[in-house]
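So the protein sequences, as listed, match chains A and B. For the working numbering, count along the first sequence from 1 and bump the result up by 4. For the working numbering, count along the second sequence from 1 and bump the result up by 12.
There could be a bad hint or two in this list.
Claimed, not checked - Covered stretches of chain A, going by a simulated chain B footprint (3 or more residues, C-beta under 8 Å):
#: 1; region: 52 to 60
#: 2; region: 76 to 87
#: 3; region: 135 to 146
#: 4; region: 149 to 159
#: 5; region: 166 to 175
I should point out that these hints are in silico values taken from the structure, not numbers from a laboratory. Don't be surprised by glycine CBs; every beta carbon is placed ideally from N, CA and C.
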Amino acid sequence: MVGPVQIDRGTLPEQSKLARFELSVVPHMGAAYNLARWLTRNNHDAEDVVQEAYMRAYRFFDGFHGGDGRTWLLAIVRNTCYTWLQQNRKPSVELEDDIPELDSGRSNPEALLLRDMESELLRQALDNLPVEYREAIVLRELEGLSYKEISTIAGVPMGTVMSRLARARSRLEKGLTKRARQGGAA
Amino acid sequence: MSCDDAHMLLDAYADGELDLVRSVEIEKHMEGCQACARAVENLRALGSAMRSGGLYYEPPASLGPRLEKAMQRVGRSESRPKRFGWQLIALAASLLLAVYFVARLSPGTVRDASSNLVAQEALDSHLRSLMPGHLTDVQSTDQHTVKPWFNGKLDYSPPVTDFAQQGFPLTGGRLDSLTGRAVAVLVYQRRQHLINVYVWPAPGSADAGAGESVRQGYNMIRWTRGGMNWWVVSDLNSGELNGFANLLRAAPASVPAAP
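Construct all of the structure, not just a fragment, from the sequences and the given hints.
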C-alpha cells in the first residue's frame with residue numbers, strides 16, 4: 005500500500021526555514037494588518053487574525069517556492085479573516101456577481117465633491133461595503149495591487165475582481181454623494 | 013464603442029488594467045462623451061482620496077514582537093493550534109491552500125477560476141500580438157530556426173512543427189507571459205487569420221481533452237498532453253481551428269527539459 009508522501013520535518017533545516025520566512029513573509033506585516041483591520045473592522049481581532057495567519061503561513065511555508073511573498077501572505081490573511089468572520093458574525097449577504105446590477109448607472113458626477121471629502125466619511129463608507137467589495141477596493145487602492153494579484157488573493161476570476169471594484173466604487177460614490185448632499189449644505 | 017460597452021470598462025481603464033487596444037477605444041469614446049470622461053475623472057478622484065486619506069491602518073508596535081514570539085513557538089515544535097476552534101479552520105485552510113497552490117503550479121489543469129484567468133490573459137496577449145510589431149520575436153517559417161530560438165529563454169523546449177503543407181504555415185514565435193510565467197508562443201497563419209499557440213509545461217498533470225470556448229468573438233481551444241499545456245487562440249472559425257488543433261495534437265511531442 006502506498007500512502008501519501010510524508011515530509012520528514014525532522015530533517016528540515018528549521019533555522020534556515022525561519023530565516024527564509026523572516027526574509028520573504030515577515031516584511032509584509034503592515035499589509036497583513038491593514039487588510040485584516042479592514043476586513044474585521046476591529047483592532048484586536050485584526051491582531052489575532054494576523055498572528056493566526058502568520059502561524060498558518062509558517063506551517064505552509066514549505067510549499068512557498070519563491071514568488072511574491074506579499075500576495076502569498078495576503079491570501080492566507082484573507083482566508084483567516086473569512087474563517088474568523090464566519091465564526092464570529094452572521095455571514096454577510098450573499099453577493100451575486102454574475103447577475104448584472106439593474107441600477108448600474110453612476111451617480112451624477114457634478115454632485116460629487118470627492119476632492120474635499122473628509123477621510124472620516126470615506127472610512128465609514130468603506131466600512132459599510134460588503135466584505136467582498138471592501139477587500140477588493142482596499143487591495144486595489146491602499147495596497148496598489150493589480151487585478152491579477154487581487155484575483156489570486158481572493159480566489160476569484162479577474163472579471164469578478166473588475167466587477168466588484170466597479171460596484172464598490174459605484175456604492176462609494178453614491179453613498180458619499182448622499183452624505184455630501186445631506187451634510188454639505190451645513 | 014457604445015456608451016454601454018465603455019461603461020463596463022471604465023474602472024479597468026482608470027486602473028490601467030486594459031490592454032492597449034481597448035484603452036485606445038475608450039479614449040476615443042471619451043473624446044465625444046462627457047459623461048464617461050467625467051466618470052473616469054471621478055474614479056481617479058476617489059482613488060486619490062482613498063490613497064491620501066490616511067486610511068491605511070498601521071499595526072501597533074506590539075504586534076511585531078508578539079508575532080516573533082508566536083513564530084518561535086511554532087518553529088520549535090509543530091504544536092497543535094489552540095485558537096478559534098482550530099481543527100476545522102486548519103482543515104479549511106489546508107484545502108484553500110491546496111487549491112491556491114494547485115492553481116499556481118498548473119494553471120491549465122484547474123478548471124473555472126484559474127482557466128478563466130488563463131483564458132483572459134491568453135486573449136489579451138493574442139489581441140496585443142495583433143498590434144504592429146508585436147507578433148513575433150523570431151520570424152521564420154522554418155521549425156528548425158524557431159525551436160532553437162527558445163533555447164536559453166525558457167526552462168523547457170516547446171514542440172515546434174510547421175504545417176504549411178496542411179495550409180497552416182508557421183510564421184514565427186515569441187516569448188510571452190501567462191499568469192506570471194514565461195511561455196512559448198508559436199504563431200501560425202491560415203489565410204488572413206493569425207493563430208497564437210501557447211505552450212508551457214504542466215508538470216504532473218494527466219492528459220486532458222480539448223476544452224473549447226469563445227471569448228469576445230475569438231475561439232480558444234485548450235488541452236493538456238505529454239506534460240504540456242496547450243492553448244490555441246484565433247479569430248479563425250471553430251471548425252478549421254479544431255482541425256488545426258488536431259494537427260498539433262498528432263504531432264510528435266517533445267519531452268520537457270529537466271528543471
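Count residues of the region 135 to 146 of chain A with a Cβ under 8 Å from any Cβ of chain B, then say if the count reaches three. Holds: 4 residues of the region 135 to 146 of chain A have a Cβ under 8 Å from chain B.
Within 8 Å of chain B (C-beta), three or more residues of the region 76 to 87 of chain A: holds (count 5)
At least three residues with a C-beta closer than 8 Å to a C-beta of chain B: is that true for the region 166 to 175 of chain A? holds (count 4)
At a Cβ distance under 8 Å, does chain B reach at least three residues of the region 52 to 60 of chain A? Coverage by chain B holds here, the residue count being 7 at a Cβ distance below 8 Å.
8 Å C-beta test of the region 149 to 159 of chain A against chain B, three or more residues: holds (count 6)
Hint compliance for this structure: every hint is met.
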